[in-house]
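**Q** Here is what each chain is made of, one letter per residue.
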Amino acid sequence: NAGVTQTPKFQVLKTGQSMTLQCAQDMNHNSMYWYRQDPGMGLRLIYYSASEGTTDKGEVPNGYNVSRLNKREFSLRLESAAPSQTSVYFCASRDSRILYNSPLHFGNGTRLTVT
Amino acid sequence: KNEVEQSPQNLTAQEGEFITINCSYSVGISALHWLQQHPGGGIVSLFMLSSGKKKHGRLIATINIQEKHSSLHITASHPRDSAVYICAVSSMDSNYQLIWGAGTKLIIKP
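Line by line, the protein sequences give chains A and B.
1 is the number of the first residue of the first sequence in our numbering; add one for each residue after it.
1 is the number of the first residue of the second sequence in our numbering; add one for each residue after it.
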């Protein structure tokens, strides 16, 4: 089982460039999440998708867009990267249906630097 | 006041010591999660619990729903247990979102 696969692992962008972070899970989870983690800080939710076809803003959505392409895939797009978006990005998934509540499964993270 | 409070923020102990990390929350929950993150590493889910106690190897997690409190215990601690331990809760109001604690940084010295 691959679990949660996140690509790329590392990326360097210049200010103003765009990129898409890809995330796919093979556990048939309904909910998927994008978090960012800044040095010495906890996880902050950017966007989440409670189920296929829905997306909602989290705590820090500005400068990001997401697409829940299908049940497996949830991508995060930076349209015009800024140095403040330098961070480590984590994708996660879980089954959040009440009767099937499951632990979070995380991807390995994407280390993004914007210069 | 944060809805999920962890204590202590930092903990340094000697190898072999019994470790306790606490998590208190103020909302109704459907589940509480304990996760581990090694320095520069990924995030791994250790436990998800809604009542009682769970054990995995040297790790034990307990929860008291009435007191809205959970503890993570590590027995016979080892330097490889050095990591950040994070508590998060699934709120009853929104099972989709999790409310996160700030994490406890644990260092085990040989």
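No lab work stands behind these hints, which were simulated from the structure alone.
Any given hint might turn out to be false.
Computed cross-link-like contacts, DMTMM-like style, restricted to lysine to aspartate or glutamate with a CA-CA straight-line distance of at most 20 Å [said to hold, decoys possible]:
(1) A:Lys57 - B:Glu15
(2) A:Lys71 - A:Asp38
(3) B:Lys105 - A:Asp38
(4) A:Lys14 - A:Glu79
(5) A:Lys14 - A:Asp26
(6) A:Lys9 - A:Glu73
Facing chain B, from chain A, some residues (calculated, C-beta under 8 Å) [said to hold, decoys possible]:
(7) Tyr64
(8) Phe90
(9) Leu104
(10) Gly109
Note that CB positions come from ideal geometry on N, CA and C, so glycine has one too.
**Q** Taking the least C-beta to C-beta distance, is Tyr64 of chain A closer than 8 Å to chain B?
**A** Nearest chain B Cβ about 17 Å off; hint violated.
**Q** Take the C-alpha atoms of Lys57 of chain A and Glu15 of chain B, compute the straight-line distance between them, and say whether it is at most 20 Å.
**A** Roughly 43 Å separates the two Cα atoms, so the pair is violated.
**Q** Taking 8 Å as the limit, does the beta-carbon of Phe90 of chain A come near enough to a beta-carbon in chain B?
**A** holds, 6 Å
**Q** Given the hint that Lys71 of chain A pairs with Asp38 of chain A, test it: the Cα-Cα distance must not exceed 20 Å.
**A** violated, 28 Å
**Q** Given the hint that Lys105 of chain B pairs with Asp38 of chain A, test it: the Cα-Cα distance must not exceed 20 Å.
**A** holds, 15 Å
**Q** For a C-alpha distance cap of 20 Å, please report whether Lys9 of chain A and Glu73 of chain A respect it.
**A** holds, 17 Å
**Q** Minimum Cβ distance from Leu104 of chain A to chain B below 8 Å?
**A** Because about 5 Å separates Leu104 of chain A from the closest Cβ in chain B, which is inside the 8 Å limit, the hint holds.
**Q** Holds or violated: are the alpha carbons of Lys14 of chain A and Asp26 of chain A at most 20 Å from each other?
**A** Not OK: Lys14 of chain A and Asp26 of chain A at ~33 Å, beyond 20 Å, violated.
**Q** Hint Gly109 of chain A vs chain B: min CB-CB distance below 8 Å?
**A** holds, 6 Å
**Q** For the pair supplied as a hint, Lys14 of chain A and Glu79 of chain A, confirm whether the alpha-carbon distance does not exceed 20 Å.
**A** holds, 12 Å
Consistency with the previously given hints fails for numbers 1, 2, 5, 7, ordered from lowest to highest.
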